[in-house]
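Student: As a plain string of letters, each chain reads:
There are 4 protein chains.
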Amino acid sequence: MAALFRGSRNFLKRWNKNVDSALVSTRSMASKTQVGFVGLGNMGNPMAKNLLKHGYPIIATDVFPESCKELQELGAQILDSPADVADKADRIITMLPSSPNVIDVYTGPNGILKKVKKGSLLIDSSTIDPSVSKEMAAAAEKMGAVFMDAPVSGGVGAASSGKLTFMVGGAEEEFTAAKELLSCMGANVVYCGQVGTGQSAKICNNMLLAIGMIGTAETMNLGIRLGLDPKLLAKILNMSSGRCWSSDTYNPVPGVMEGVPSGNNYQGGFGTTLMAKDLGLAQNTATNTKTPIPLGSLAHQIYRMMCARGYAGKDFSSVFQFLREEEGQKGVNTPTD
Amino acid sequence: MAALFRGSRNFLKRWNKNVDSALVSTRSMASKTQVGFVGLGNMGNPMAKNLLKHGYPIIATDVFPESCKELQELGAQILDSPADVADKADRIITMLPSSPNVIDVYTGPNGILKKVKKGSLLIDSSTIDPSVSKEMAAAAEKMGAVFMDAPVSGGVGAASSGKLTFMVGGAEEEFTAAKELLSCMGANVVYCGQVGTGQSAKICNNMLLAIGMIGTAETMNLGIRLGLDPKLLAKILNMSSGRCWSSDTYNPVPGVMEGVPSGNNYQGGFGTTLMAKDLGLAQNTATNTKTPIPLGSLAHQIYRMMCARGYAGKDFSSVFQFLREEEGQKGVNTPTD
Amino acid sequence: MAALFRGSRNFLKRWNKNVDSALVSTRSMASKTQVGFVGLGNMGNPMAKNLLKHGYPIIATDVFPESCKELQELGAQILDSPADVADKADRIITMLPSSPNVIDVYTGPNGILKKVKKGSLLIDSSTIDPSVSKEMAAAAEKMGAVFMDAPVSGGVGAASSGKLTFMVGGAEEEFTAAKELLSCMGANVVYCGQVGTGQSAKICNNMLLAIGMIGTAETMNLGIRLGLDPKLLAKILNMSSGRCWSSDTYNPVPGVMEGVPSGNNYQGGFGTTLMAKDLGLAQNTATNTKTPIPLGSLAHQIYRMMCARGYAGKDFSSVFQFLREEEGQKGVNTPTD
Amino acid sequence: MAALFRGSRNFLKRWNKNVDSALVSTRSMASKTQVGFVGLGNMGNPMAKNLLKHGYPIIATDVFPESCKELQELGAQILDSPADVADKADRIITMLPSSPNVIDVYTGPNGILKKVKKGSLLIDSSTIDPSVSKEMAAAAEKMGAVFMDAPVSGGVGAASSGKLTFMVGGAEEEFTAAKELLSCMGANVVYCGQVGTGQSAKICNNMLLAIGMIGTAETMNLGIRLGLDPKLLAKILNMSSGRCWSSDTYNPVPGVMEGVPSGNNYQGGFGTTLMAKDLGLAQNTATNTKTPIPLGSLAHQIYRMMCARGYAGKDFSSVFQFLREEEGQKGVNTPTD
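Chains as they are written, first to last, in this note's numbering: chain S, 504 to 840; chain V, 504 to 840; chain F, 504 to 840; chain R, 504 to 840.
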């Protein structure tokens, strides 16, 4: 009986695969045919360029026409709306700021789903609420298209050098097709599971990142107050169990490391306001799933307070500065002769 | 003028060194002469054994006579009190549970300082409040002895295998002498600065460790609730910016890693009650120095709540279990066929 | 110019009022005509009974037919669906557990808006996300109906005795009509502003309530540990600046007050799981409006942790018990002879 | 057997009382004989004046001679040190900023205990660590004197008008004598229990006060963001379960109440730095007694962060301003025409 059922299930799986294959068969198989790209901001622009470099013709659009100029000069075709892009390309990548933008670009009056071709592969690299990814996937499925979420880790630098990490959620049998495109833009392309799990992985990573960063800032600040040299303290932490990415790769204390925002007055990097946004997503998913996240929640609140106190545009490692005493402590007191 | 002053300072330094040398000259110079050891608990016992293995005769004491038996059988001389140990040995190591014990062992009626020889080197490896270390150093100095704080990182296993990390605070010119002994018991011996900075480094590390552990537990729990496979999530975190010691070396989720307490019902390891104690020390130093430590403070409270709810004796990674839903979630739901 | 503009605006206001009046004129004006009621749970049932007592014929429905029996015996007419209720009554009150239920009851396939009469007054007393209230109001407006949110403060007891407090959001010119019905069920009916502000006021109150309750529990626990008699401590707080509703009206420490859940093993009252839900709503609105709520957020997490540790069904004042040491402290140590 | 034991205990009690009476008998019984006063700061000065008004000759001292001038002009005798005061007066009140000052004034080289008379009554109204109060009491007892802690609630205004609340810890049989003096300076004099419980009550109250204040600030800010009028929201909270001293007596939102610091740019009142100090005391006692105080701890951290960000000198209700968005929100947006 169980065997029969398993058999049936396998049959269903095969049947579904046939359906999927049927859908996919309508998609352009020659790999270097055109790829649609919606959202040419700080991240989308270098990502699209990397696709161009790998020989993919690009059909793109953005709400801000000026964002399209550079790509147009490099040979991309610029259209007026996501719907127009969907009308021409059956593989589309979207890179947008937040959930409402994604909803609009997919399901709005000029959205992708208005003119999407059957069997199209739609990959969203925005960082949004996983429940929105699921909604988009369901809406795409109704139109005979496949939607995958593939948010990225790594900033503008990694986008330019094609070293992003993609965390991909969606039907496993579509992962190979997605990976073909994503590997032009990233060094790691990780399959995470069903639709939304790419977002979930991204949100989880950034929550732990925020906790580690604030924790590192507090710890370095406390150690300095207790008379420890910041470089020495960082060295000790990094050879001990306190070690984390924020202590050994992106230390928030000016002077401890080279080439990180803390050495450049917290300019560049990953803005506090963006971290606050990602922590808001983590908070929403935690609230919806009734999961306690005490430190994640407090990290969210601290980045929110920082935004209220003028740190919105600084790199998120500026929490070290936020926690320091204001007066008479302009910089870290490193030992001098 | 500045040059003159600098010159004077250097002169003073040299002068002080001479004084120090004078003190030190009274200390037994032959390196394999006897070493005193006070506190033969879970940590002290294997540490003293490693000194024995390296050829140092040991003169030891402990408030619990039975703790001394094993070492006595191995050839150590057991005396009645810290004062008696100080009467015979001019290099003494102490390894005690908390600040009040240290105060008693050094300054109590039968304490080390009652009979300490001039020029003795006193090394305290307990984890205590740095301000107590400073007090002990001042009291020792009055008796013509040198006190250094040298708390350890690494548990009973590292103590047995001689792989501890020592964080050492005290007069720099005594560090070489201290290192000779400590390197018999540890793989790393790090000089941190003036007296108390060893404690400060230890406390800082453990605070960041606690934050990273709770953060990892929250993140893994949230990811699992969102449908991610725990092993996959750990892998993603560990190749991304969420990476930390608790995620890649001591993962709190049962089944993700081998050979860690989470795989053994959180037995062994580093107890929640000990972590709560160290976080209390971090909190005290932060309060005294008026340093904000929002996440460190909340981590302290969470471990305190865990102690109140029956987790005192479990490894500190059991915070994962504490945060999980009680009913119907006995273990992590790993995908099965 | 400004005067002209103001005049124009006033004209528009008058015009709008005329439109509103036109809508309202289609609503049954005789005040004791039938009232619809959807949701006969612990709260809805006694609320509907109070309307009956005041002479309003009731037309009701609930997803659980058995919930309707008592009201039916008292003379209420029971129908199959919210749509059916809307077909017969042009004043409807809804009292439902959460946002999804409200969305379904209003906009679902058998929802109120399927058959709502033009000019109907729809009052939702559920505690839900204010943004859902706004969506429902917009959907109702499209059908020519008026939607108001009117969540309540006060539990089952206040619902039975008609002593609820209603916080009402919606068009001000409809408030009088709403108040006529609501004052049959409550002692206070407060107009809060535009649609959603009733929910906002409710959520704000409950967030501050949760903070005050946990704060009171921590404070009482700390004081008892420091040797203070709990009754004396409560008395001191209540005559000082620590005073709050949780300390003077609903003290969480067993034995301090009569007639509160702390005196009855935390049974009855307002469940931890309900408080966690309301704090989730507060968190969502704060995240959406980018408002920092550090203590509100931590309160949310604490109630969420309590749910995970078996406190879901207890009154929310059981946080005192949650924070107490488990062993050897079964009750509060009140001084004995 | 139990009766016999109880009898014995009662006998011992009586015997102890006789001893106490013997001590007390050496103290000046005529109530309007001179009273010593150490610490003539913002609080001590008006307190001493009230004793003068009630006819008590004052013998006073302060480390800052200029602080003594006003009292000297009113007839007080000014001496050089606490020891000198103790040499002349057998009832002494101390009002000092923090624990180290108290330790110095009592046990320092020119401290009270150097010349204290047997049977003297020493009342400390400073807010300090209860464990320091216990130490001072033990030291006083050795000299044959009685020490009581009697910290105050109420600020400079209450000190001037003689409306302070005193929370008194110490031997119950001395309470009447203490009350005689304290009631000249305060409206309420509450006996709390053994030595240190006065401090404990004070610390507990201020911890709950801080939690209530931050909670009120968060709640008001959230409500305003959600479109509620601040006065209306305060009114709703104050008639509901969110009510607390900070919402109904000392509302932190400018414009909601008259005569509170929020209406005067947060000048005057109770400084953030003082609140941070009291929360530090609460944190210390909680850490020492292993009591979880999650909200109290976070409140401490928030006030500490505020000190780091320039709020040290503002009233503690300025947390509302700290949490508000910086730009474009200079004041609360109250509805205008």
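A hint or two may mislead.
Within a straight-line C-alpha distance of at most 30 Å, the following computed DSS-like cross-link-like pairs (lysine-lysine) qualify [claimed, not checked]:
id, chain 1, residue 1, chain 2, residue 2
1, F, LYS637, S, LYS793
2, S, LYS734, V, LYS666
3, V, LYS637, S, LYS738
4, V, LYS645, R, LYS738
5, R, LYS738, V, LYS617
6, F, LYS793, R, LYS734
7, V, LYS617, S, LYS738
8, S, LYS734, V, LYS637
9, F, LYS682, S, LYS617
10, V, LYS738, S, LYS637
11, R, LYS637, F, LYS637
12, F, LYS637, R, LYS620
13, S, LYS637, F, LYS793
14, R, LYS637, V, LYS617
15, S, LYS617, F, LYS637
16, F, LYS666, R, LYS734
17, F, LYS738, R, LYS682
18, R, LYS637, R, LYS617
19, R, LYS793, F, LYS738
20, F, LYS734, S, LYS617
21, V, LYS617, R, LYS617
22, F, LYS617, S, LYS645
23, F, LYS645, F, LYS666
24, V, LYS645, S, LYS738
25, S, LYS734, V, LYS734
26, R, LYS738, R, LYS793
27, V, LYS682, S, LYS738
28, S, LYS682, V, LYS793
29, R, LYS793, F, LYS666
30, F, LYS793, S, LYS793
31, F, LYS637, S, LYS637
32, R, LYS738, F, LYS738
33, R, LYS793, S, LYS793
34, F, LYS738, R, LYS666
35, V, LYS637, R, LYS620
36, R, LYS682, V, LYS645
37, V, LYS793, R, LYS793
38, S, LYS618, S, LYS591
39, R, LYS637, F, LYS734
40, V, LYS682, S, LYS793
None of these hints come from the bench; they were simulated from the model.
Everything numeric in this text was worked out from a predicted model, so none of it was measured.
Student: Now tell me if each hint is right for this structure.
Tutor: Verification of the hints:
1. LYS637(F) to LYS793(S): holds (24 Å)
2. LYS734(S) to LYS666(V): holds (23 Å)
3. LYS637(V) to LYS738(S): holds (24 Å)
4. LYS645(V) to LYS738(R): Not OK: LYS645(V) and LYS738(R) at ~65 Å, beyond 30 Å, violated.
5. LYS738(R) to LYS617(V): violated (67 Å)
6. LYS793(F) to LYS734(R): Holds: LYS793(F) and LYS734(R) sit about 22 Å apart, inside 30 Å.
7. LYS617(V) to LYS738(S): violated (38 Å)
8. LYS734(S) to LYS637(V): holds (23 Å)
9. LYS682(F) to LYS617(S): violated (46 Å)
10. LYS738(V) to LYS637(S): holds (24 Å)
11. LYS637(R) to LYS637(F): Violated, because 59 Å separates the two Cα atoms, which is more than 30 Å.
12. LYS637(F) to LYS620(R): violated (75 Å)
13. LYS637(S) to LYS793(F): Measuring from Cα to Cα gives roughly 24 Å; hence the hint holds.
14. LYS637(R) to LYS617(V): holds (28 Å)
15. LYS617(S) to LYS637(F): holds (27 Å)
16. LYS666(F) to LYS734(R): Status holds; Cα separation ~23 Å.
17. LYS738(F) to LYS682(R): Between LYS738(F) and LYS682(R) the Cα gap is close to 18 Å, so the pair holds against 30 Å.
18. LYS637(R) to LYS617(R): Measuring from Cα to Cα gives roughly 18 Å; hence the hint holds.
19. LYS793(R) to LYS738(F): The hint holds at about 25 Å.
20. LYS734(F) to LYS617(S): violated (68 Å)
21. LYS617(V) to LYS617(R): holds (28 Å)
22. LYS617(F) to LYS645(S): Roughly 25 Å between the alpha carbons, so the hint for LYS617(F) and LYS645(S) holds.
23. LYS645(F) to LYS666(F): Roughly 34 Å between the alpha carbons, so the hint for LYS645(F) and LYS666(F) is violated.
24. LYS645(V) to LYS738(S): violated (34 Å)
25. LYS734(S) to LYS734(V): Outside the cut-off at roughly 34 Å; violated.
26. LYS738(R) to LYS793(R): Since the Cα atoms of LYS738(R) and LYS793(R) sit roughly 38 Å apart, the hinted pair is violated (cutoff 30 Å).
27. LYS682(V) to LYS738(S): Holds, because 18 Å separates the two Cα atoms, which is no more than 30 Å.
28. LYS682(S) to LYS793(V): Outside the cut-off at roughly 51 Å; violated.
29. LYS793(R) to LYS666(F): Violated, at roughly 42 Å.
30. LYS793(F) to LYS793(S): holds (21 Å)
31. LYS637(F) to LYS637(S): Given that 30 Å is the threshold and the Cα spacing comes to 24 Å, the pair holds.
32. LYS738(R) to LYS738(F): holds (25 Å)
33. LYS793(R) to LYS793(S): Status holds; Cα separation ~28 Å.
34. LYS738(F) to LYS666(R): Between LYS738(F) and LYS666(R) the Cα gap is close to 18 Å, so the pair holds against 30 Å.
35. LYS637(V) to LYS620(R): The hint is violated at about 36 Å.
36. LYS682(R) to LYS645(V): Between LYS682(R) and LYS645(V) the Cα gap is close to 46 Å, so the pair fails against 30 Å, i.e. violated.
37. LYS793(V) to LYS793(R): Distance ~21 Å between LYS793(V) and LYS793(R) Cα, so the pair holds.
38. LYS618(S) to LYS591(S): holds (9 Å)
39. LYS637(R) to LYS734(F): holds (23 Å)
40. LYS682(V) to LYS793(S): Cα-Cα ~51 Å, so violated.
In the structure shown, a violation is registered for the earlier hints numbered 4, 5, 7, 9, 11, 12, 20, 23, 24, 25, 26, 28, 29, 35, 36 and 40, in ascending order.
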